[in-house]
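K.L.:
Below are the chains, spelled out letter by letter.
Number of protein chains: 4
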Amino acid sequence: MASITVGILGATGYTGVELVKLLKKHPFAAMGYVSSQSYAGKKFSEVFPELKSICDMELISPDAALEKPVDCVFSCLPHAASAGLCLPLINKGIRIIDLSADFRIKNAATYTQWYKTEHPCPQFLDKAVFGMPEHYRNSIATAQILANPGCYSTSIMLPLIPLFKKKGAAITSVIADSKSGVSGTGRSLKLSSLFVEAHDNFSAYSIGRSHRHLAEIDQELALAGAQNIAVTFSPHLLPLNRGILSTIYVTGAGQAAECLEIIREAYAQEPFVRMREPQDLPTIKGVAGTNFCDISATGGGNGQPVIIVSAIDNLLKGASGQALQNMNIMFGYNETTALR
Amino acid sequence: MASITVGILGATGYTGVELVKLLKKHPFAAMGYVSSQSYAGKKFSEVFPELKSICDMELISPDAALEKPVDCVFSCLPHAASAGLCLPLINKGIRIIDLSADFRIKNAATYTQWYKTEHPCPQFLDKAVFGMPEHYRNSIATAQILANPGCYSTSIMLPLIPLFKKKGAAITSVIADSKSGVSGTGRSLKLSSLFVEAHDNFSAYSIGRSHRHLAEIDQELALAGAQNIAVTFSPHLLPLNRGILSTIYVTGAGQAAECLEIIREAYAQEPFVRMREPQDLPTIKGVAGTNFCDISATGGGNGQPVIIVSAIDNLLKGASGQALQNMNIMFGYNETTALR
Amino acid sequence: MASITVGILGATGYTGVELVKLLKKHPFAAMGYVSSQSYAGKKFSEVFPELKSICDMELISPDAALEKPVDCVFSCLPHAASAGLCLPLINKGIRIIDLSADFRIKNAATYTQWYKTEHPCPQFLDKAVFGMPEHYRNSIATAQILANPGCYSTSIMLPLIPLFKKKGAAITSVIADSKSGVSGTGRSLKLSSLFVEAHDNFSAYSIGRSHRHLAEIDQELALAGAQNIAVTFSPHLLPLNRGILSTIYVTGAGQAAECLEIIREAYAQEPFVRMREPQDLPTIKGVAGTNFCDISATGGGNGQPVIIVSAIDNLLKGASGQALQNMNIMFGYNETTALR
Amino acid sequence: MASITVGILGATGYTGVELVKLLKKHPFAAMGYVSSQSYAGKKFSEVFPELKSICDMELISPDAALEKPVDCVFSCLPHAASAGLCLPLINKGIRIIDLSADFRIKNAATYTQWYKTEHPCPQFLDKAVFGMPEHYRNSIATAQILANPGCYSTSIMLPLIPLFKKKGAAITSVIADSKSGVSGTGRSLKLSSLFVEAHDNFSAYSIGRSHRHLAEIDQELALAGAQNIAVTFSPHLLPLNRGILSTIYVTGAGQAAECLEIIREAYAQEPFVRMREPQDLPTIKGVAGTNFCDISATGGGNGQPVIIVSAIDNLLKGASGQALQNMNIMFGYNETTALR
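Chains as they are written, first to last, in our numbering: chain W, 1 to 340; chain H, 1 to 340; chain E, 1 to 340; chain Z, 1 to 340.
For reference, chain W alone in the conformation it holds in the complex:
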């Protein structure tokens, strides 16, 4: 199997370090560089001491990174910054896996509406492929620009897309009540991210129709057949490091058994979707540290909504794990390499 060399932009955030850990287990992907604006010049293992003797590579500046010849670049930069910095790489023909939201939204105006900024390179939006292997595997294989899905979005869309494909016309409302670990808020210094503030606490934020992941959820569910559905989405912050559990209430989809069957059938061949029984609901412990999305459902009938419960590790299937899964597809490796 041919080997590739990869670079990571924004390597010192939580998704960056997770990618490094995964790539170090990959037999065919060599680390070309790890880059960081603020830590350039330091060893990666100085920033993350747990990686001593695993990744002692020196971090380089983004400017230096752009000059390095690699086969694939993962961008773990924030939105807007990410597309801006990737632009010259795209022009050079390097394959990009962007973990930010920049290439997820097909419509530049929609992007601006949700992200409050002009898109740095709207001309490439059409070219970008939405990186959900379960639904875009063929396009991913040949993509130059891969838009890795959001963490919440992954947990919500994986169960819903097959459902909308089969029952899009019948479904009348969707409420996604999601709970995420604190690593989802990133490694930047914010009062609400302090241990003393988040520990022994639980809170809702950006609930209703305000969280940015709704942009991609709206887009992808519409493509799956959603008709005039504006998903109600309530993110919450859990006092733990990693994991997302979404409790999703679907009205109009009939009974849970039927919905479960539709989802099970859609994902029968998928290596990273595990269906659970209604009496054995997914948990965060069940997926933390793995690239799995666990899904189950219960309820429905007697006017009750079907209740879907899905769980992922927000840093793996919700970010770096899915990104590596996409890389495996893009470069022809076994899709589960370094992920099981």
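Rather than coming from a laboratory, the hints here were simulated on the basis of the structure.
Since this is a predicted model, take the numbers as computed values, not measurements.
Don't take every hint at face value.
[Said to hold, decoys possible] Just the calculated beta-carbon pair ranges, DEER-fashion:
id	chain 1	residue 1	chain 2	residue 2	range
1	W	S53	H	A257	55 to 61 Å
2	Z	M1	W	G332	23 to 29 Å
3	W	A257	H	K116	23 to 29 Å
4	H	T110	W	A257	24 to 30 Å
5	Z	P78	H	G225	58 to 64 Å
6	H	K116	Z	K116	41 to 47 Å
7	W	A257	H	S192	24 to 30 Å
8	W	G186	H	K127	54 to 60 Å
9	Z	P78	H	F28	51 to 57 Å
10	W	G186	H	G225	41 to 47 Å
11	Z	Q255	E	E277	53 to 59 Å
12	W	A64	E	N107	27 to 33 Å
13	Z	A257	H	G186	37 to 43 Å
14	Z	Q255	E	R340	45 to 51 Å
The beta carbon of each residue, even a glycine, is placed where N, CA and C say it ideally should be.
Given the structure of chain W, go ahead and fit chains H, E and Z onto it with the hints provided.
P.N.:
Quick look at chains H, E and Z alone, frame taken from chain W:
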């Protein structure tokens, strides 16, 4: 102010020890006894070392407790056991504050349906008063049997009852997605309650229409004006000790502002309900260790449900705090004594 | 009982908010002001939403605070800043309770050596009283400047002072292995204080002879009779919010039983020291939320050190609780007011 | 490379499930069986849902397990039970890796003194090899009975053995203050293991000279050259799942730099010992999820002890990881297989 003497049955569970801590701050309530089947003969502070020099009283057996003359008995026993043991006390005319579910449900058949057991003394169900001070204050004042509400139920019903009273006919569905700390599952030895199992975990259980608190939620919301509403209720387990946050989706109730105004007006004089602004949602940290219920709401309009967020400390406003608030009302003390 | 009015400088840190909570329960101390440089103009309950309807007072700037007539000022400011800002208040004759280290060290040169800065007002060091009620109660009663002890120091010195008073000549070495909750590091934005960094983690820092609390430990133990003892002190960071547990190894002090007896006798009348049995060692849960210091000891004999275990709540007996205890003594209130 | 088949006795405890996860990544070790008395008949993934589709093998009873032909058996049973059940396997010539304490102590009387029970097969104690690869690699390679070291012991002995080998005569005292995550107490139902009891708590237990791991610590340090040293050992319980950090105070060993150099030299070729700088002390986060032991040291001089800090994952280097490392040596695989 006249003093009273109180006893506690089942004092070595989490609600029992919480009651002891509150009562120790009460200037007019003397501890007559603390009782426990399994720890009888030990000092209370041997079971809960943090209470050394605060409550070193010896625990007595339930049999011995029944003989003790007191003005008021708190029962922290499990359902069925509680009503059974309280029966002779009721017959003696002692005032009972029952923290179990035994006297909450007016209809004995409904009780049996949800709790899978015959009610030990259905003849007293009519006499019992549902102990939600905000709605039954006058009846509480003279009650002999006080049925203290459930923890989840309190967090769900406090915001919903005023809403149903005003808009009962318009509301078409209610989904309550609730998250509770582990103390809500009690102090008994269960694998799922082990630290290693619950830490870094988050899970749903008994979701849909299966959790027993639905019995009292159905009953009280019907009394408030709910018409053919079967609340969808999804409890979840949070990796923290105390606190419940409920995210409640109400369809048909109009806009959040209007709903908030209705709730605010209903509770304007209430000492333990705090209304928050839509941009300042309740959190568990905001209520832990207090007897407050914090409430806010957002959303509604454009086909979106109103989203109500409420938070309580499950051991205080959700159990022992509310029980003491009820005791204060029953015996004519200032309602906030030992609670603020 | 005469009432007093108090002000708090630096009220928006963790010791400040804790003081506010305590003072709100005090029947004789009215809140004159809460002050903060960064949050001036905001309501206190906007910064700490859990205090809504408990303390909605507006925060004022330090400049404005200096003009306010009050009987007593608590300074929760950082070292150096604290003495500097308190200087005009001292000159006005206002009684000061300083929670920083500024007035703890009698020798200005020693202060400079440990705190790497000139003391802002060395002329007042003599006048300041070290605020450990168990050992300086009489001086505290009349103090104008009260130096509230450090959190680690309190947990270490409370058991050691009586021991050194009786056996100072015999003790040959002391090792204090201390573990503190994250609130001890303050509310400022540091990477190591982020939830994701501190959760599921445990680490040592400033171990050996480098932590600043050694300045006051050295000073006070010398006064108690320590001869040529340089305590080895190893602080560690626990993944919890509040509490300190110190495991202290004392060589040369004989057997645990004898040591325990000496400590027990010294503190027989103390309201906030609880002696525990060797088989019932102090725990953080046992003191969190209280102003107690729990102490026990085991070991000794056969060349083994006596092992003392002590536990306090770092924000209460280790800071704001002890500060209020000192205020009670200074103004003639019952020492336990608002603390039990 | 030849493949082997392995069995696991007591597979449903925390060390058992950890072993299964490791073995599933091993290219040459096939799972022959997983055995459990209490869960026999269930699928492994029913007991540990996170392993669905990873290990769905059915658990068999110990009796059935004894009949199964395998190359190697890991025993994760409790002490006494372990040796008893392994006896027939030993007699059959099967190679045993025992994670219990049963084969660690060479002297049957010492075993009985610490473990309060007769040894089930003292005749095999001589034959057993203490499974610390860094010191017994050659004997491990040919061992039939492998005694896997205890978790605390590993964290304490790894830094101390080289030190005693070089400076055994000079060292006059050792105090090991160790802190372990809750998984170290096992998966059995105990009040102190409940989430609500252990969360937000920290406590010492079995301190001084009472914890059973002292039996193997005494034995191995004596072999390394300790002269009349009775290590003082204080275990503590941390509110996290996995990890041990030991802070070890050594008197008489000179300066930290010298000690670090001795340890560094001893482990220069070791794949699972990482030396850290004095200003970069080991942390639990730095080793959790890995088979590394991180070691650093500071202090010494001026009458101060050298302070060694070591950290391991108690379930990996402290149990199942080290067990697999031993298996790799015993069967001639690369020592790091499935461990990096």
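K.L.:
Is the gap between the beta carbons of A64/W and N107/E within 27 to 33 Å?
P.N.:
This hint is violated: roughly 52 Å between Cβ atoms.
K.L.:
Within 23 to 29 Å: is that where the Cβ-Cβ distance between A257/W and K116/H falls?
P.N.:
25 Å, holds
K.L.:
With 37 to 43 Å as the target window, see if A257/Z and G186/H comply at their CB atoms.
P.N.:
About 54 Å separates the Cβ atoms of A257/Z and G186/H, which means 37 to 43 Å is violated.
K.L.:
Just to be sure I understand the hint, the distance between the Cβ atoms of A257/W and S192/H should be within 24 to 30 Å; is that true here?
P.N.:
26 Å, holds
K.L.:
Honestly, do G186/W and G225/H meet the 41 to 47 Å range at C-beta?
P.N.:
45 Å, holds
K.L.:
Just to be sure I understand the hint, the distance between the Cβ atoms of T110/H and A257/W should be within 24 to 30 Å; is that true here?
P.N.:
Holds, since T110/H and A257/W (Cβ atoms, about 27 Å apart) stay within the stated range.
K.L.:
Taking the beta carbons of Q255/Z and R340/E, is their distance inside 45 to 51 Å?
P.N.:
Holds: the Cβ-Cβ distance is about 48 Å, inside 45 to 51 Å.
K.L.:
Taking 51 to 57 Å as the stated bounds, is the beta-carbon spacing between P78/Z and F28/H within them?
P.N.:
Between P78/Z and F28/H, where Cβ atoms are some 53 Å apart, the hint holds.
K.L.:
Does the Cβ-Cβ separation between M1/Z and G332/W fall within 23 to 29 Å?
P.N.:
Check passed, 27 Å falls within 23 to 29 Å.
K.L.:
Mind checking the hinted window 55 to 61 Å against the Cβ distance between S53/W and A257/H?
P.N.:
Check passed, 58 Å falls within 55 to 61 Å.
K.L.:
If I claimed the Cβ atoms of G186/W and K127/H lie 54 to 60 Å apart, would that claim hold in this structure?
P.N.:
57 Å, holds
K.L.:
With 58 to 64 Å as the target window, see if P78/Z and G225/H comply at their CB atoms.
P.N.:
59 Å, holds
Hints 11, 12 and 13, counting from the list given before, are not met by this structure.
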